[in-house]
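Protein chains in written order, with the numbering used here: chain A, 1 to 358; chain B, 359 to 635.
Don't read these hints as lab results, they were simulated from the structure.
Possibly wrong hints are sitting among the right ones.
25 Å max Cα-Cα, derived DMTMM-like pairs, lysine to aspartate or glutamate [what the hints assert, rightly or not]:
1. A:K210 with B:D434
2. A:K209 with B:E525
3. A:K46 with A:E237
4. A:K209 with B:E471
5. A:K209 with B:D434
6. A:K210 with B:D441
7. A:K210 with B:E512
8. A:K210 with B:D567
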Amino acid sequence: MSTDQQDEQGEEDTLVNVADGVDHQVAMVMDLNKCIGCQTCTIACKNLWTEDGGSEYMYWNNVETKPGEGYPRGWEDSGGGWESGEHSDRSPGEIPDEEDYGRAWEFNHEEIMYEGSDEPLRPRDGAEWGPNWDEDQGAGEYPNSYYFYLPRICNHCTHPSCVEACPRSALYKRQEDGIVLVDQDRCRGYRYCVEGCPYKKVYYNTVSKKSEKCIFCYPRIEGEGPEGETFAPACAEECPPQLRLVGFLDDEEGPIHKLVNEYEVALPLHPEFRTQPNVYYIPPFAPGQHTEDGETVDIDRIPRQYLRNLFGDSVDEALDTIDAHRQRVRQGGESELMELLQDKNPAKQYRLEVFDDE
Amino acid sequence: MADHRRTLTLTAVLSALIVVSTVAAPMVSARPAHEIPVSEVSTADLAEPNADGWAEVPASDVPLSSAPSSVPNADDTSVEAVDVQAARTDERLYVRLEWHDATRDRNASATREFADAVAVQFPANTSSRPPIAMGGPDNRVNVWYWSGSTGTQELLAGGAGSTTPFENPTVRTNASYTGTGGNATWAVVYSRQLDAPSENRTDLRTDGDLDVAFAVWNGSNGERSGQKAVSEWHYYPFSGGPQGPPYETLLWTLAGIAIVAVVGVTSFGIYRTRGAE
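One chain only, chain A, in its complex shape (with noise of 0.2 Å):
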């Protein structure tokens, strides 16, 4: 259901873009204002998908302080991506190591918990970095420092660069609803998607010697758990402050294709990588700067441009879009896009089984 196929009445079925040879394409928005830091995302995918052998460094849902090096620490310099929006030639990419994952420390629970030492529970030695290291360390001066959470995983992208860097085909985008996967019977561990992926979240299982990456659980959007319902990733429904929405971008009823491509107010992380993401952001607002006094004064605390610099140009837009429509509701209006950004939206937060009669 791509923009040039149409129908019987030479119409265009839909305005969405879906890669070719694609159904439907599932979306995520995430809104960075109600994003506590809290990690239960984190954990969440943790118990369910990386716990074995070869993935403890692992994590295909993780939260990190922006500004901040993120996780694997420098992943926005590491290259990976397109070169140009016709997406034939590739900029390769580096493989991270895995101190820039940060490795998963050891800890001296076996001499206090057995030998009566009475030091504190602490790392053995070596931790120097890890995957929340600069948790709240942020950027700006008192009184005006900044910081916000920065949840990520796989976008499960329309261009996905992981899948054309892999000489095998082991990676894919399967036709159903788009969702990129790693085949564990090509892969012969050669690792192309991990440093081809920009948002480096393909990742290497140094047991299995394979690639895995992000499934967008799709066992759970499928309703293969014991009681045969759909459910929404875990990420999504585990997070305390909800502020995930999952469905699909084409379902044109839904609050993602509200947001994304009727209020252009959701953005995709980093589209200058090319890839075009689906999983997208509400930008983060901040109160204004302080004065030293205690002022509240009409300068932006997360500098314009830092937000560019993540979310493209469109940010501004973005920004201006959702502030007229407050600012409109605080003046007694009505506006579907706060709506649609509250926690009980009308259009549901998980449409995932809009397609199921197709």
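Chain A is fixed; fit chain B onto it per the hints.
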């Protein structure tokens, strides 16, 4: 007269030696460039890379170059040649490969770690020669693959990216790494029964020549997949008899005859001159 007789004898012996050497030398060195000799042996002490049996088996120095491939850094390969030996008993084919590699990379258990590896490629069907780069869809190849981290795999491929392992490998390997620094080498011995163990596996009991090609990966240089040093197609002369264009033999024979003729004519001239005195 005794002097003359001695000169004649000497000339005859010299001529005989020249004839022998001119004919014998090409017998040894006239092997066509892409032929790799296979020793026929009755008992095999060849399973280990350092087994005594290998001392008797001739080695061929096979040049390697970067494989044409679309993977990043495909031109960046580090191994330039591999020494190849081959021997055949009534039951098995043994192939020994030895190459220089200053680093012993046996692990792929860190995100940036790649293991050293080596491979031997045969046509799955020996009746025609497949495309060198992993064969083609209608003309597949068998690959005997050994890697320092995962050991041996027996692979079937019908073009780049189609490589698929056989479930039950029948190829046996043994590897050894010796020396240090610039002198350090890997040696890997492969062996397999001559009869094809199943469909899609090369019949090594073939009467024709057997095409064979080689590839080496240096793990510490990030080499994997299409980033590898490869040979052209070579062949094991299983059909017997002389192979390839016999230019060298022909030239050496002509040269030999010419030398003998010159020596003969000269000796005869000297003999006649002296006889006339």
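Is the Cα-Cα distance between A:K209 and B:E525 25 Å or less?
17 Å, holds
Are A:K210 and B:D434 close enough, with their CA atoms no more than 25 Å apart?
At roughly 23 Å apart (the allowed maximum being 25 Å), B:D434 and A:K210 satisfy the hint.
Holds or violated: A:K209 and B:E471, Cα atoms, limit 25 Å.
Holds: A:K209 and B:E471 sit about 11 Å apart, inside 25 Å.
Holds or violated: A:K210 to B:E512, with C-alpha atoms at most 25 Å apart:
Answer holds: A:K210 to B:E512 is near 18 Å, not above 25 Å.
Given the hint that A:K210 pairs with B:D567, does the C-alpha gap stay at or below 25 Å?
With a Cα-Cα distance of about 38 Å, the restraint between A:K210 and B:D567 is violated, given a limit of 25 Å.
For the pair supplied as a hint, A:K210 and B:D441, is the alpha-carbon distance within the 25 Å limit?
Not OK: A:K210 and B:D441 at ~31 Å, beyond 25 Å, violated.
Does B:D434 lie within 25 Å of A:K209 when you go C-alpha to C-alpha?
The given pair, whose Cα atoms are some 23 Å apart, holds under the 25 Å limit.
Has the given pair, A:K46 with A:E237, been kept, meaning a C-alpha gap of at most 25 Å?
14 Å, holds
In the structure shown, a violation is registered for the earlier hints numbered 6, 8, in ascending order.
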